[in-house]
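Just need the whole structure built from these sequences, with the hints factored in.
As they're listed, the protein sequences go chains A and B.
So the first sequence is numbered by our numbering: it starts at 1 and just counts up by one.
So the second sequence is numbered by our numbering: it starts at 1001 and just counts up by one.
Treat the hints as calculated values from the structure; they're not laboratory data.
Treat the hints loosely; a few may be bogus.
Said to hold, decoys possible - Computed spacing ranges between beta-carbons, pair by pair:
#1 A:187 with B:1307: 35 to 43 Å
#2 A:260 with B:1129: 25 to 33 Å
#3 B:1121 with A:110: 40 to 48 Å
#4 A:81 with B:1188: 53 to 61 Å
#5 A:62 with B:1329: 35 to 43 Å
#6 A:177 with B:1031: 52 to 60 Å
#7 B:1059 with A:177: 42 to 50 Å
#8 A:260 with B:1116: 18 to 26 Å
#9 B:1238 with A:81: 39 to 47 Å
#10 A:56 with B:1175: 29 to 37 Å
#11 B:1238 with A:273: 26 to 34 Å
#12 A:88 with B:1325: 19 to 27 Å
For every residue, glycine included, the Cβ atom is placed at its ideal position computed from N, Cα and C.
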Amino acid sequence: MPQFLAQTLNGLTLAGIIFLVSSGFTLVFGVMRVTNLSHGAVYLLGGYIGYSVIGVTHNFFYGLAAAAVAMATFGLLLERTLITWLGRSEMSELLATLGLIYVIDDVTLAIWGGSPLTINLPGVLGKSSTLPLDGVVYPNGRIFILGVSIVVALGLYYLLRRTRVGAIIRAGVDDREMVNALGINVRLVFSLVFMLGALLAGFAGVLGGTVLGLYTGADSDILLFALAVVIVGGLGSYEGAILGSIVIGLVDTYGTAYFPAVAYSILFLPVIAVLLVKPQGLLGRPNT
Amino acid sequence: MTGEDGEGAAAPVAAADAAVPVAAAASASRRAQLMLTALRRSRRFGGPLAAVVVGAVLIAALQGSGFTSTLILDMLVYAIAAMSLDFLGGYAGLISLGMAGFLGVGAYGVAIAEVHAFSPWAAVGIGLGTVLALGLVLGIVAVRVKGISFVIITLAIGQVLWGLAYQWVGLSEGDNGIPLSVLPSIGPVNLNDGLTLRMTVLAVFAVVALLLVTFVRSPFGLSLRGVRSNEARLAALGYRTGLHRYLAWVIAVFFTGVAGVLYVFVNQLISPTTMDFSANGFFVLMVVLGGLGSIWGPALGAVVIVLFQQELSIYVSRWESLMGLTLIAVVLFSPGGFWGLVRAVGRRRDALITRLEGGSQDGAQEAGRPRTASPPPVVTP
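Given below as structure tokens:
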């Protein structure tokens, strides 16, 4: 039982990291109809940048901030150049961001090399403590990640549901033309959403670097998680991203713990089930 | 071509200005007539002629067993996969990011069956059978969606197949991969003989290419294009659009599996790297670079990508960046890919034919009359 509990917590931690990545992915798709396949590469690049900044400053939180800021800037640049140039062609954007994956992967390989890196958490976060539940000894860092992702999830929920910007973003998901016709600067909203998505991915890269590690291929791993999440939850749905992250995080963790030979494929079971029952995803809309 | 264009078309204009004897104009019109015939023949015979020439060159180049032969075999195998993906992506509008997975299934099917002491021919049957069965089953899930969702789902399928090859060590030997030592042989066709194998790969490539071209031109191919461009209309006309997509998927998956069987024959080893994310991206790259919806273009794309991988990687250490940038550049500036350029040449030829037809009729009826119907020709110096 304690082992199962620890696995559940591991699953939720993973769900937290996956959520940070997939919420950005799904928001960008929902608002802009852009499928940014390089989202996983942005996650990895953010993680590497965080690693280097931590190496220089010896402060984990500077690394976290640096990765977030650097990736937000990168996202803004990407949106203002490539995505704008491609002018709303869904498939072209998908293909161009696929090309971008090769470039980012290659550049990170050239700078940080091929051997896996791990980001160490500072001070008390790097230690473990005994939980009041069943006496499970659990790393503080994972609890920290779980806490941070819950805070981010609540913050994003507040932003989307309770603020004017959020109302515009939600309206953009529903009816982009109408938002434009109301005189709202949709271009600005696009840039903000794209920046936010990249920021979250970079931020998640540093957190993910502490428990999942940074390695060549980490980007496609996390991208697969994010894609599974959006299929299960519904492409473009924020609540779907939360639900999907929990499902995928838990399924993957239990799979790895109890069925290691087919762990990667067990991930696919909820995906197939959802596709058969509700192709648009659990919380997705039929026409997206 | 532009040079001749200027020469042939400028002559009547010059004749009109100077009012030279009829003989000169007649010779000019005869020249135009000859060129017109040549152009018309090129329209009808250009494709088959190019195929015969390329085929002859390939047969000659594959006689030896050196590096060039290996390179060409790689190109042919990947060309089969790229053409299959183009059939699915370019004609049915379903771009799949998971085809390397099915190439892997075909290859692993053969290799695993041989490990379990099946005869080589039975192993081929098992490999192709597995791919076909998997295509039939997964198709039920995959073609329920289209567009971006289809890309995402096929990516997930491809990653899962890769995950099985990588993690299911008991079946797939994991990261090490499975070597294949004995190839099938029947009567005089013994694939363990290098030359026979090379010719077989070439023959299979030709058969698959011709089959795909036939499918594309068949009523099925035409309605497939209809499903891609306006599904609602096709459905209203009574076409079973879902079935069309499903069949296109199964055909593409099966031929990719065929490429997988040839892959393991040629390389005598199959390992998970052959079907990883980056391999899936390469397939899409081949198709987009070659030209979506042209069958032959993606084969050309496969040639270029294999050259990139095998040759450029020796001289340029950051060749993957270069490839990514190439994909971005093609998407941005030349959405038709290489075949778009070939098509542009074809269009210019057709335009030239139309113009010459007008010109030669004028020449025959009334030598030297300046033509006003078509735009004034540009004389290249």
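Hints versus structure:
1. A:187 with B:1307: 35 to 43 Å: holds (41 Å)
2. A:260 with B:1129: 25 to 33 Å: holds (28 Å)
3. B:1121 with A:110: 40 to 48 Å: The hint (40 to 48 Å, Cβ to Cβ) holds, given that residue 1121 (chain B) and residue 110 (chain A) are roughly 47 Å apart.
4. A:81 with B:1188: 53 to 61 Å: holds (59 Å)
5. A:62 with B:1329: 35 to 43 Å: holds (37 Å)
6. A:177 with B:1031: 52 to 60 Å: At 58 Å between Cβs, range holds.
7. B:1059 with A:177: 42 to 50 Å: Violated, at about 58 Å.
8. A:260 with B:1116: 18 to 26 Å: About 23 Å separates the Cβ atoms of residue 260 (chain A) and residue 1116 (chain B), which means 18 to 26 Å holds.
9. B:1238 with A:81: 39 to 47 Å: Check passed, 46 Å falls within 39 to 47 Å.
10. A:56 with B:1175: 29 to 37 Å: holds (35 Å)
11. B:1238 with A:273: 26 to 34 Å: Holds: the Cβ-Cβ distance is about 32 Å, inside 26 to 34 Å.
12. A:88 with B:1325: 19 to 27 Å: holds (22 Å)
Against the hints set out earlier in the document, a violation occurs for number 7 only.
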